[in-house]
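Engineer: Construct all of the structure, not just a fragment, from the sequences and the given hints.
These protein sequences, in sequence, are chains A and B.
Under the working numbering, the residues of the first sequence are numbered 1289 to 1671, in order.
Under the working numbering, the residues of the second sequence are numbered 1289 to 1671, in order.
Bear in mind the hints are in silico, worked out from the structure with no lab data behind them.
We treat Cβ as the ideally placed atom computed from N, Cα and C, and that holds for glycine.
Some clues are possibly wrong.
[To be verified] Below 27 Å or equal to it, Euclidean Cα-Cα: the simulated DSS-like pairs (lysine-lysine) are:
(1) A:Lys1513 - B:Lys1424
(2) B:Lys1452 - A:Lys1298
(3) A:Lys1298 - B:Lys1509
(4) B:Lys1509 - A:Lys1509
(5) B:Lys1424 - A:Lys1626
[What the hints assert, rightly or not] Derived, one-sided and incomplete: chain A residues facing chain B with beta-carbon distance under 8 Å:
(6) Glu1578
(7) Lys1581
(8) Gln1582
Protein chains: 2
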Amino acid sequence: QTLRALFQYKPQNIDELMINAGDFIYVDPTQQSDVSEGWVIGTSHRTGCRGFLPENYTERANESDTWVKHREYVFERPSRFFTQTENEPNVKLHREIHNLSMSRNVTNVLSLQNATLRRGVLVMRHGERVDQVFGKSWLQQCLTEDGKYYRADLNFPSTLPKRKDSVKQFEYDPPLSCCGIFQSRLIGEALLDQEVTVSYAYSSPALRCIQTAQHVLQGLKLDQKVKIRVEPGLFEWTKWEASRVIPDFMTVTELVEASYKIDLSYRGNFPPSSLVPSESYEEYISRSSEVIKQIIAACTSKGVILIVGHGSSLASFTRPLIGLPARDSSNFAQVVRKIPSLGMCYCEEIKEENKWQMVNPPVKTLTHGANAAFNWRNGIVED
Amino acid sequence: QTLRALFQYKPQNIDELMINAGDFIYVDPTQQSDVSEGWVIGTSHRTGCRGFLPENYTERANESDTWVKHREYVFERPSRFFTQTENEPNVKLHREIHNLSMSRNVTNVLSLQNATLRRGVLVMRHGERVDQVFGKSWLQQCLTEDGKYYRADLNFPSTLPKRKDSVKQFEYDPPLSCCGIFQSRLIGEALLDQEVTVSYAYSSPALRCIQTAQHVLQGLKLDQKVKIRVEPGLFEWTKWEASRVIPDFMTVTELVEASYKIDLSYRGNFPPSSLVPSESYEEYISRSSEVIKQIIAACTSKGVILIVGHGSSLASFTRPLIGLPARDSSNFAQVVRKIPSLGMCYCEEIKEENKWQMVNPPVKTLTHGANAAFNWRNGIVED
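Structural biologist: Structure representation (structure tokens):
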């Protein structure tokens, strides 16, 4: 079995393997018995060295990849996405022609565009949340003795939105970090670059998801046009809520006051009160397939339906759509844990209506490193 | 000895300790003999659990911190920086008064401001560089077969600046990643929030440093006013250049054409040709103290001198300034390795001229997590 390194790993122990993004690593399944969970023993094709490496830094390489090293093989390319690689001049040309035509005959061009567009569903996880970086006690770190919020690290948002109940509620419904905002913006801008037409935007009621949707739409320059539909049915598997209760989400009115662009006319398919605390896997799976069915039925226009949810959303909203049974519950948590911020998957409608297939998302992945806090006393002044 | 966790670490092995940012960890120095480099065995004050933890996720806790848990103790507070914590209303008040006075008598206010300002030196490391995330082969990953650049991951910059010699030169002089740009912007905006007056900006000739300076100045809204002085003498210890040669830096003309705001009238103290490949530690230290001396002598106006350099710059440009001898060369690399992107330290002139002290930087640290690449095939579709 051959793995492909998704990004760099620098050994932290003598028995670990240095890998660079793109490296191929040969792994013998018979030798993995004594290895700790999450680690594998492998041999690097590039260096010939052998050692432990973290499995989640890699993906399974395709057979063909082992001989077309360092070159990506695109399995299907959705017809309307231009990959900047080969087509950059064409994209520009296309835009110019498009603008020219627009001024000549708007109606014709629009109807033409509409005819070539299919429906698509883009499911993405929210961006980096503050508690992911600063732990469960993040809010404690940011409150003065008289309960006022301040920014204890520059990755905390500069302010928290106003909510009528206690600021403590953010503990169960944490906001994005500044890095999470950056990630969401970048994805939105990349979608704009690829000329992806987003026609609808749905979000889980969790604040981090609404913020992600907002910043993706801002990156797309669509935030004034496509309003966010807050759908409680998109919330994550409630069994995973540490508090064992459903968080008190911010109300739609509070969100609008905090200048989020919310679709006020939208009535959720699942009211917040219908969410069952600590629901079983079967309950979660059935809610997920129900909500995606209702969203697809409601969105009849062509273009992409953006759904911002949680790590669990990627599998549970798309598998019913492409006709796959639910994943086995036993390894569901393990799979979900690997899904990064803004991790996404994309389904496209096949010509016959209501048949869907999963294809490459319209934009590339987003890979970046961590940044540690730093105290100038240790290291700079002291020896 | 007590350590303080700087950020969260989730165990990846059964023998590791879960730590959250702010946790205190008791470490017995006599028990560290069998531990791999970079790891320590400790006991968490919060959970009572014991296990291995990565040392660079922690800092040495001050004695006093062990009894004033979760509350930061500020050692010195530079008089003119307002900490948003307690003083936010005051800052606003200050701004309003300031604006009022400005309209009444500009000259008086300016001279008053000038009188209360001291000189400061803010030394910072550049932001995240692409090879830090994607490894040495990053450029290979981004070149098509006919040598054109494309963005293989969204953290690669959307374009590379034009340079007359080969694009291959970027391999030895890599640009910032998009995340590095985000980090630099955020720091600039935070400096603006704290009303820090930057009067001069110096940068190492490495592209990543010039880009960092540019984005920090943009965040400060000073990029049209304070031009970047490219000083080859600020380049890092040349012994650490993997290529064993001095990179061919982009010329000032090329930088200006790529719309970097460069001070064209500035003549560096050390021309690029004076940089010695694989210089000794003594040569590096003597170059560093020489260049900081010349910068201080040239910058007679009040306000902050921004210096964007490398991890090594933080110690080697400030220690001569505050009258400390050079660090021991034996642990220099280890200390430098811990300095994060945009890690910074700050020196302020004491009233008697040319005496400097190191104080807290005007802005907080920036801590964020990593983001892994993600392939929808593994996990979403396949079991």
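Engineer: Each of the hints needs a verdict: does it hold here or not?
Structural biologist: Hints versus structure:
With a CA separation close to 42 Å, the supplied pair Lys1513 (chain A) and Lys1424 (chain B) exceeds the 27 Å bound. A hinted pair counts as satisfied when its Cα atoms are at most 27 Å apart, and Lys1452 (chain B) with Lys1298 (chain A) does not qualify at roughly 34 Å. Among the hinted pairs, Lys1298 (chain A) with Lys1509 (chain B) is inconsistent with the structure: their alpha-carbon atoms are about 37 Å apart, more than 27 Å. As the CA atoms of Lys1509 (chain B) and Lys1509 (chain A) are separated by approximately 23 Å, the hinted pair is consistent with the 27 Å bound.
For the proposed pair Lys1424 (chain B) and Lys1626 (chain A), the alpha carbon gap of about 25 Å is at most 27 Å, so the pair holds. With a least beta-carbon distance of about 19 Å to chain B, the hint placing Glu1578 (chain A) at the interface is violated under the 8 Å criterion. Taking 8 Å as the C-beta contact cut-off toward chain B, the hint placing Lys1581 (chain A) at the interface is violated, the least distance being around 18 Å. A least Cβ separation of about 21 Å between Gln1582 (chain A) and chain B goes past the 8 Å threshold, and the interface hint is therefore violated.
The structure is inconsistent with the numbered hints 1, 2, 3, 6, 7 and 8, although it conforms to all the rest.
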